[in-house]
Amino acid sequence: MNEFTKISKNNLIKENQILIQVLGICSTLAVTNNLRNTMIMAIGVTLVTGLSNLTVSFLKKYIPRKVRMMVETLIIAFYVIIVDIILRAYLPDVSKALGPYVGLIITNCIIMGRAEAFAQANTPLISLWDGLTAGAGYALVLVIVAFIRELLGFGTIFNIRIMPKSFTPWTIMVMAPSAFFIVALLMWVAKSMSLKAGGKK
Amino acid sequence: MNKEGKFYTILFSFITTFVFVLLLSLLNASTIQRIQDNERLFKIKAILKAFGVEYKNDQEALSNFEKYVKTKRINNVDLYYITSDAQTLYGIVFNGSGLWSNISGFISTDENVEKIVGIEFISQAETPGLGGRIEEEWFKNQFRSEKLVNGTITIQIGGTGDYDHENGKVDAITGATQTSKSLERIINDHLSILRDILGVRQ
Chain A
51 MNEFTKISKN
61 NLIKENQILI
71 QVLGICSTLA
81 VTNNLRNTMI
91 MAIGVTLVTG
101 LSNLTVSFLK
111 KYIPRKVRMM
121 VETLIIAFYV
131 IIVDIILRAY
141 LPDVSKALGP
151 YVGLIITNCI
161 IMGRAEAFAQ
171 ANTPLISLWD
181 GLTAGAGYAL
191 VLVIVAFIRE
201 LLGFGTIFNI
211 RIMPKSFTPW
221 TIMVMAPSAF
231 FIVALLMWVA
241 KSMSLKAGGK
251 K
Chain B
895 MNKEGKFYTI
905 LFSFITTFVF
915 VLLLSLLNAS
925 TIQRIQDNER
935 LFKIKAILKA
945 FGVEYKNDQE
955 ALSNFEKYVK
965 TKRINNVDLY
975 YITSDAQTLY
985 GIVFNGSGLW
995 SNISGFISTD
1005 ENVEKIVGIE
1015 FISQAETPGL
1025 GGRIEEEWFK
1035 NQFRSEKLVN
1045 GTITIQIGGT
1055 GDYDHENGKV
1065 DAITGATQTS
1075 KSLERIINDH
1085 LSILRDILGV
1095 RQ
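Sequence order for the protein chains is A and B. Last residue of the first sequence? That's 251 in my numbering, and every number before it is there in order. Last residue of the second sequence? That's 1096 in my numbering, and every number before it is there in order.
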């Protein structure tokens, strides 16, 4: 199998960052009650993961081991601030809606995880691809969670009313605890599926 | 040079930090004007909305602001006012801490500070979906032409909107009691600041 397809498959399904590796949980809980914010967060994380992987991979030969993680954090912060500045300058409404969440991309463990686990040992192009697909795997789970939460919590999808007027919104879905339940259920499904697949072999 | 040596490590850290921060400052410097314009425009729109002045686009918002809204600085507070046919409306920017964040916005009243004309938010970072809903139209509409009772507004728990504009009461957001309570305090504090500036008694 082509290395690029293999990486995509691993990152999207088999080794999904949230469901299997249990990384990036904090933002999964925090920004998934509204699909629009979730999409922007997912795009932000995907771009930052890809680009920081690319940069770490380019610089890896020159980075002293002792300050390796500090330099990675610097690179990640660099891209996150760029995303923040661009949103504030060109998409002020989106920036307002996301508030402090953009800055919090820095603390997303997936980005550091990919930089450490992949970019440190691979060439730039494939590292970029790995980062982008890892971000896409994260985005996939986030969108599923947000879909359920926004539908039940507000009765809307992308702020458009879907549920009938008589529907009573579930306040719990708007709050972070509901994401715990949904993510746990998704993990359960993912785990049992991978166990089944493993059993067949 | 020894890659793991002290000298190289310090030099490398210094140079990478320098380069990345330099690039960021350049980006920041090249967009700062745009960002400030955005923020100013946002504030202007909030002021216009709170005064009930309509506009169709950003350009019109700016020109209407220039045309109708005047400012005066009293006691270190910027007082905004707008004179229409029969009356003058006054307003100030308010600021205060909510549950998580600083809530800022604009409130406008009639000349005797007996009735709220409108309220708009400029920035807030309350819980999205709960406290964050203070920016929703139904919530803000409760304040439109609301008569003050004893010079204050009361945000009462529960409900889906109190549109009786004579009772000085609006409904809080369900599940966001702390934000609603803070907002009540912020608004009442600023109403009394506005009264001081205008020299009216309640």
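Hints are not guaranteed to be accurate.
Claimed, not checked - Below, computed lysine to aspartate or glutamate pairings styled on EDC-like, alpha-carbon distance capped at 16 Å:
{"#": "1", "chain 1": "B", "residue 1": "K937", "chain 2": "B", "residue 2": "E948"}
{"#": "2", "chain 1": "A", "residue 1": "K241", "chain 2": "A", "residue 2": "E65"}
{"#": "3", "chain 1": "A", "residue 1": "K146", "chain 2": "B", "residue 2": "D1004"}
{"#": "4", "chain 1": "A", "residue 1": "K146", "chain 2": "B", "residue 2": "E933"}
{"#": "5", "chain 1": "B", "residue 1": "K1009", "chain 2": "B", "residue 2": "D1058"}
{"#": "6", "chain 1": "B", "residue 1": "K939", "chain 2": "B", "residue 2": "E960"}
{"#": "7", "chain 1": "A", "residue 1": "K116", "chain 2": "B", "residue 2": "D1065"}
{"#": "8", "chain 1": "A", "residue 1": "K111", "chain 2": "A", "residue 2": "E166"}
{"#": "9", "chain 1": "B", "residue 1": "K897", "chain 2": "B", "residue 2": "E933"}
{"#": "10", "chain 1": "B", "residue 1": "K966", "chain 2": "B", "residue 2": "E1005"}
{"#": "11", "chain 1": "B", "residue 1": "K1063", "chain 2": "B", "residue 2": "E1078"}
{"#": "12", "chain 1": "A", "residue 1": "K110", "chain 2": "B", "residue 2": "E898"}
{"#": "13", "chain 1": "B", "residue 1": "K1063", "chain 2": "B", "residue 2": "E1008"}
{"#": "14", "chain 1": "A", "residue 1": "K146", "chain 2": "B", "residue 2": "E1029"}
{"#": "15", "chain 1": "B", "residue 1": "K1009", "chain 2": "B", "residue 2": "E960"}
{"#": "16", "chain 1": "B", "residue 1": "K939", "chain 2": "A", "residue 2": "D143"}
{"#": "17", "chain 1": "B", "residue 1": "K943", "chain 2": "B", "residue 2": "E1060"}
{"#": "18", "chain 1": "A", "residue 1": "K116", "chain 2": "A", "residue 2": "E166"}
{"#": "19", "chain 1": "A", "residue 1": "K146", "chain 2": "B", "residue 2": "E1030"}
{"#": "20", "chain 1": "B", "residue 1": "K1034", "chain 2": "B", "residue 2": "D1065"}
{"#": "21", "chain 1": "A", "residue 1": "K111", "chain 2": "B", "residue 2": "D1056"}
{"#": "22", "chain 1": "B", "residue 1": "K1041", "chain 2": "B", "residue 2": "E1060"}
{"#": "23", "chain 1": "B", "residue 1": "K937", "chain 2": "A", "residue 2": "D143"}
Unchecked claim - If you want the footprint, here are the derived chain A segments under chain B, 3+ residues with CB under 8 Å:
{"#": "24", "region": "108 to 122"}
{"#": "25", "region": "127 to 141"}
{"#": "26", "region": "216 to 225"}
To be verified - With beta-carbon atoms standing in for the labels, derived distance ranges:
{"#": "27", "chain 1": "A", "residue 1": "E53", "chain 2": "B", "residue 2": "E1031", "range": "39 to 47 Å"}
{"#": "28", "chain 1": "B", "residue 1": "N951", "chain 2": "A", "residue 2": "A171", "range": "49 to 57 Å"}
{"#": "29", "chain 1": "A", "residue 1": "M237", "chain 2": "B", "residue 2": "H1059", "range": "24 to 32 Å"}
{"#": "30", "chain 1": "A", "residue 1": "T221", "chain 2": "B", "residue 2": "N989", "range": "28 to 36 Å"}
{"#": "31", "chain 1": "B", "residue 1": "G1052", "chain 2": "A", "residue 2": "A171", "range": "31 to 39 Å"}
{"#": "32", "chain 1": "B", "residue 1": "E1005", "chain 2": "A", "residue 2": "P214", "range": "43 to 51 Å"}
{"#": "33", "chain 1": "B", "residue 1": "K961", "chain 2": "A", "residue 2": "F217", "range": "39 to 47 Å"}
{"#": "34", "chain 1": "A", "residue 1": "Y140", "chain 2": "B", "residue 2": "E1031", "range": "21 to 29 Å"}
{"#": "35", "chain 1": "A", "residue 1": "A171", "chain 2": "B", "residue 2": "D952", "range": "29 to 37 Å"}
{"#": "36", "chain 1": "B", "residue 1": "R1038", "chain 2": "A", "residue 2": "E65", "range": "12 to 20 Å"}
{"#": "37", "chain 1": "B", "residue 1": "D952", "chain 2": "A", "residue 2": "G163", "range": "29 to 37 Å"}
{"#": "38", "chain 1": "B", "residue 1": "E954", "chain 2": "A", "residue 2": "I210", "range": "24 to 32 Å"}
No lab work stands behind these hints: they were computed from the structure. C-beta: ideal position from N, C-alpha, C; glycine also.
16 Å limit on alpha-carbon distance, applied to hinted pair A:K146 and B:E1029: 11 Å, holds
Holds or violated: are the alpha carbons of A:K111 and B:D1056 at most 16 Å from each other? Violated, at roughly 65 Å.
Within a Cα-Cα threshold of 16 Å, do A:K111 and A:E166 meet the stated pairing? 14 Å, holds
Supplied distance hint 39 to 47 Å, evaluated on CB atoms of B:K961 and A:F217: The hinted range 39 to 47 Å holds for B:K961 and A:F217, with Cβ atoms some 45 Å apart.
Taking 24 to 32 Å as the hint, is the beta-carbon distance of A:M237 and B:H1059 inside that range? 50 Å, violated
Would you say the C-beta atoms of A:E53 and B:E1031 sit inside 39 to 47 Å of each other? Given about 52 Å between the Cβ atoms, the range is violated.
Are 3 or more residues of the region 216 to 225 of chain A near chain B, judged by a Cβ distance of less than 8 Å? holds (count 3)
Report holds or violated for chain B covering the region 127 to 141 of chain A, Cβ cut-off 8 Å, minimum 3 residues. With 8 residues in contact (Cβ-Cβ under 8 Å with chain B), the coverage given for the region 127 to 141 of chain A holds.
Need the status of pair A:K146, B:D1004: alpha-carbon distance at most 16 Å? 30 Å, violated
Next pair to validate is B:K1034 with B:D1065; report whether the Cα-Cα distance is within 16 Å. Cα-Cα ~10 Å, so holds.
With respect to the beta-carbon atoms only, verify the hint that B:E954 and A:I210 lie 24 to 32 Å apart. 28 Å, holds
Proposed proximity, B:E933 with B:K897 (alpha carbon, max 16 Å): 46 Å, violated
Hints 3, 7, 9, 15, 17, 21, 27, 29, 31, 35, 36, 37 from the earlier list are contradicted by this structure; the remaining hints agree with it.
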